[in-house]
Amino acid sequence: MAKRRKASPGLALGAMAAVMLLFACGTAVLAQPETADSEPVPLPTTLPVLTTSAMSAGADGAVTSTEPSVNGSRRLLAGEGARRRLASCTDQVNWCAGWKSSGYCGSQYVYNGQSVKDVVCAKTCGGAPCASSPAGGCTDQYSNCASWKSSGYCASQYTYNGKSVRDVVCAKTCGGAPCGSGGCSDKVSYCGGWKSSGYCAAGYTWNGQSVRDALCTKTCGTCGGSPGPTPGPSGGDPTAAGNLKKSEFRCIFRLNGLGNSDSTIDRHWNHFASAASGLSFSFYNRDEASVFAGNVLHESGGQLDEMVENCNGKDCTGYNRCSWEPATWAQTNYPSYPNYIGRGPMQLSHCFNYRGMTAKLGVNVEANPDVLADGSQSLGWKSAIIFWAEPGGGSYSFNWGSWVGGDRCPVAARQLDIAQVTRRINPERECSKPAGSIGDQMQKQRVAYINQVRTQCFGLPAATSNLYC
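Per mature numbering (1 follows the signal peptide of the UniProt record, and there is no 0): the sequence shown = residues -31 to -1, 1 to 438.
Some hints could be false.
To be verified - Below, simulated BS3-like cross-link-like pairs (lysine-lysine); rule was C-alpha separation at most 30 Å, straight line:
(1) Lys156 - Lys118
(2) Lys132 - Lys118
(3) Lys156 - Lys132
(4) Lys141 - Lys187
To be verified - Ranges of calculated distance between the beta carbons of each label pair, as one might list FRET restraints:
(5) Glu397 - Asn337: 26 to 32 Å
(6) Ser345 - Asn81: 54 to 60 Å
(7) Asn254 - Tyr437: 19 to 25 Å
(8) Asp339 - Gly405: 56 to 62 Å
(9) Asn81 - Glu397: 52 to 58 Å
(10) Lys141 - Asp339: 45 to 51 Å
(11) Ser246 - Val380: 29 to 35 Å
(12) Asn337 - Asp231: 27 to 33 Å
Calculated directly from the structure, the hints in this document are not laboratory data. Bear in mind that the values here come from a model prediction, so they are computed numbers and not experimental data. Here a beta-carbon is modelled for each residue, glycine too, at the ideal position from N, C-alpha and C.
Model the full assembly from the supplied sequences, consistent with the hints where possible.
Here's what the structure looks like:
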């Protein structure tokens, strides 16, 4: 069975309460704008990543944010009715932030017959009544601008105390609108997310307009005209394993401030695609793909070239050697027996699993386990796919989860039964643990990762049932 390594920076266990609020609880949207237009073609649907702000109490006791927040992080409130007013730089309903994060600031959306952008949510959407230039000029209003820039907060979706980080608070450091953009600006608020997902490449449109050359000229760096041709592979956004796009793979491994470079992500994409093709593996549907990807984030931490379990203290005694014992003995004596630490995207652990994987891969990973964490080859991704897809069973071969009844991982995942997947992968650490315990937090983090992948990278709704084992 796979075991956990250190948590990634964006979802440390200490921040789980905030993560649960954002991703596990879900949101009931009671009202949505209407549009006569079709959905974007192709679909650049990756919206800004929701971040949790570090909160502190001000001198007056009010809670204030000490880092930027992203538009749309506010929860939508049930029963907040629309209030009609004359067009001004204000919001007439209380759920504008949620609409903006869902892309409803486009000019085609209306609510009760009024433009969302220019009337109902003029302030949040930056509509016509709010068209005056940002105040403050080409200066920084905050001392942390350099740090914020290095953390990615110069993207267009981030605000601080209601003001744009890029164009007001840190205009000088971020090169915002007051600093000589020459009229070059983005026309939609989520260009940063689109760029990180690869939609600045030629060929992507939204509502008939080029993302690169019309909607996101500032973020895509095309203010002086389009750069030279940047064609991608055939179709612009290749797919692997049937239901995972390259742009989605990029999005997954940029979540929560993961420091994977473009070249690292693309290298691992090639390894994943090669592994899936070589094994003739395909996800049955996008639900299965999203659950697989979320589990990879949870198991490995998402740092693509550092996929080795972080092992500390007494649990590490003899932990990085393999003293062969039957799987049944290992299960009975867990976690005190000599063992291998987790390696690779799915954090393969335990001597018996390495022996079984040796037979499947045709490579002696029992003698050389580090090859599963080697980012220069595809063995790690092959092991993750085999771990996911194999039914288990057989003496000294894949016994993880073999004592667990019910569906295997792929079957459970395609039905969005996250609880059953967790039972197969890490039942002894996460299932039926007391509320607030490490195991309980780990399981909630697993669900949070899966729902992040679904809502922020796949454009799917969050899973709301069959979450916990």
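Each hint tested on the structure:
no.: 1; hint: Lys156 - Lys118; verdict: holds, 21 Å
no.: 2; hint: Lys132 - Lys118; verdict: holds, 16 Å
no.: 3; hint: Lys156 - Lys132; verdict: holds, 17 Å
no.: 4; hint: Lys141 - Lys187; verdict: holds, 15 Å
no.: 5; hint: Glu397 - Asn337: 26 to 32 Å; verdict: holds, 27 Å
no.: 6; hint: Ser345 - Asn81: 54 to 60 Å; verdict: holds, 57 Å
no.: 7; hint: Asn254 - Tyr437: 19 to 25 Å; verdict: holds, 22 Å
no.: 8; hint: Asp339 - Gly405: 56 to 62 Å; verdict: violated, 36 Å
no.: 9; hint: Asn81 - Glu397: 52 to 58 Å; verdict: holds, 54 Å
no.: 10; hint: Lys141 - Asp339: 45 to 51 Å; verdict: holds, 46 Å
no.: 11; hint: Ser246 - Val380: 29 to 35 Å; verdict: violated, 22 Å
no.: 12; hint: Asn337 - Asp231: 27 to 33 Å; verdict: holds, 30 Å
Violated hints, in rising order: 8 and 11; the structure is consistent with all others.
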